[in-house]
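Residue numbers (the working numbering), protein chains in the order written: chain D, 12 to 127; chain Z, 393 to 509.
Hints are not guaranteed to be accurate.
Label-pair distances were calculated between CB atoms; the ranges are [unchecked claim]:
{"#": "1", "chain 1": "D", "residue 1": "K119", "chain 2": "Z", "residue 2": "N402", "range": "21 to 31 Å"}
{"#": "2", "chain 1": "Z", "residue 1": "L431", "chain 2": "D", "residue 2": "P19", "range": "16 to 26 Å"}
{"#": "3", "chain 1": "Z", "residue 1": "G408", "chain 2": "D", "residue 2": "N40", "range": "33 to 43 Å"}
{"#": "4", "chain 1": "Z", "residue 1": "R456", "chain 2": "D", "residue 2": "S18", "range": "31 to 41 Å"}
{"#": "5", "chain 1": "Z", "residue 1": "L509", "chain 2": "D", "residue 2": "T61", "range": "42 to 52 Å"}
Listed next, the in silico BS3-like pairs over lysine-lysine satisfying Cα-Cα at most 27 Å (straight line) [claimed, not checked]:
{"#": "6", "chain 1": "Z", "residue 1": "K470", "chain 2": "Z", "residue 2": "K403"}
{"#": "7", "chain 1": "D", "residue 1": "K14", "chain 2": "D", "residue 2": "K78"}
{"#": "8", "chain 1": "D", "residue 1": "K119", "chain 2": "D", "residue 2": "K51"}
{"#": "9", "chain 1": "D", "residue 1": "K52", "chain 2": "Z", "residue 2": "K407"}
{"#": "10", "chain 1": "Z", "residue 1": "K470", "chain 2": "D", "residue 2": "K79"}
{"#": "11", "chain 1": "Z", "residue 1": "K409", "chain 2": "D", "residue 2": "K52"}
The hints are simulated quantities; they were obtained by calculation from the structure and are not laboratory data. Predicted model, so just to flag it, every value in this text is computed and none were measured. Glycine residues also receive a C-beta, built at the ideal position from the N, C-alpha and C atoms.
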Amino acid sequence: EDKVVQSPLSLVVHEGDTVTLNCSYEVTNFRSLLWYKQEKKAPTFLFMLTSSGIEKKSGRLSSILDKKELFSILNITATQTGDSAVYLCAVVRGSGSGGSNYKLTFGKGTLLTVNP
Amino acid sequence: GAGVSQTPSNKVTEKGKYVELRCDPISGHTALYWYRQSLGQGPEFLIYFQGTGAADDSGLPNDRFFAVRPEGSVSTLKIQRTERGDSAVYLCASSLTWRGVNTGELFFGEGSRLTVL
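Here chain Z stands alone, though its shape is the one from the complex (with noise of 0.2 Å):
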């Protein structure tokens, strides 16, 4: 597609549910990133990857919270026994790299509003 989709845009759930969220990157990027936006706050990194592999998931706040890539392009974000604090926005990014390096500008999905009941 022409941008980043994320699926679901809106999901409200009951507390100790598991969740799944979905992102399908501009095709070509090879780069993909997991944010969470809680209101009032700017973007927190969660996780990157780089093609089929994690290259950092330092930003995943514990391990109820797990991604996956297996083809190099969709991207799983999987949240095991939801509490109230994972409310938030889930954005998903991708970007081109260049040389291995990335270029820098991530283009952003419309993100996935988590609402843990």
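Isolated chain D (complex conformation) (with noise of 0.2 Å):
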């Protein structure tokens, strides 16, 4: 069975800081890992990795994932009070015989709240 453990479970921040969130997992014939942002409840979109090493950037969000010892990492710098939310981590199989190319399976998220 698939698995992914996020950590911490929560964090409490004040804007300005640098917060690093985790992410390891568990799962047969891997095919990408994904971070979203949940505010209320729809989870939006942050970013997809599929290749170790490679920094995925996108304003002060980056993200990079190691495939050797399944894990990812999500940074936010300069946190801001906009950037509370629970940060979700999912892995998705490859297409392989068994494999489930579609079916996300979630960690339980972080909590994030940044305060003034």
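Dock the two chains into a complex; use the hints.
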């Protein structure tokens, strides 16, 4: 069974701090890892990572994948109160034999609170 | 519409009642998914449609749950004889497929919060 573990489960910081969120996984026939931000109900897509060592960047957010050690990190620099949300990590299997290239397995998420 | 639309946004029902939750995916997205998210948990896969057919319903918890997508667009998740444990946010998502392979990026709706009293 595929498994995704996120840490920490919750984090409280002050505006301007830099945070690192962690995601480790165990999945058969790994295809990709995705990060989502969930502020109220709808998770919104942040990044999709398929290759090790290649950083994806969007503004103050960046993410990188390590397929050898089976983990990913999401960095947020110069945090703002609008970054407060649950950050979800999910993995997708490849479409090889027994693969389910459509089914995301999510972690429990990291609740980030950014105080002014 | 521009995004995935789900109705109702909130549904309160009594134990034993029947409920239907509707999802209208992004136009042109052939893949549609239902996930269920309980408090403090990540979304859990329920069912996946490719076009009109349920390609994978392995996440449906039991036979009280059923979903349809008769014309390959709007989908309805149906829950019979609701139980208190069914209380959760039911999220619908859609995505593009390319040569039959999911692109991986799911676009989620706002969800339907179901409360069973």
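Verification of the supplied hints:
1. D:K119 <-> Z:N402: 21 to 31 Å: holds (23 Å)
2. Z:L431 <-> D:P19: 16 to 26 Å: holds (18 Å)
3. Z:G408 <-> D:N40: 33 to 43 Å: holds (42 Å)
4. Z:R456 <-> D:S18: 31 to 41 Å: For D:S18 against Z:R456, whose Cβ atoms are near 35 Å apart, the range 31 to 41 Å holds.
5. Z:L509 <-> D:T61: 42 to 52 Å: holds (44 Å)
6. Z:K470 <-> Z:K403: holds (13 Å)
7. D:K14 <-> D:K78: holds (15 Å)
8. D:K119 <-> D:K51: Given that 27 Å is the threshold and the Cα spacing comes to 15 Å, the pair holds.
9. D:K52 <-> Z:K407: The given pair, whose Cα atoms are some 24 Å apart, holds under the 27 Å limit.
10. Z:K470 <-> D:K79: Distance ~42 Å between Z:K470 and D:K79 Cα, so the pair is violated.
11. Z:K409 <-> D:K52: Since the Cα atoms of Z:K409 and D:K52 sit roughly 24 Å apart, the hinted pair holds (cutoff 27 Å).
The structure is inconsistent with hint 10 alone, although it conforms to all the rest.
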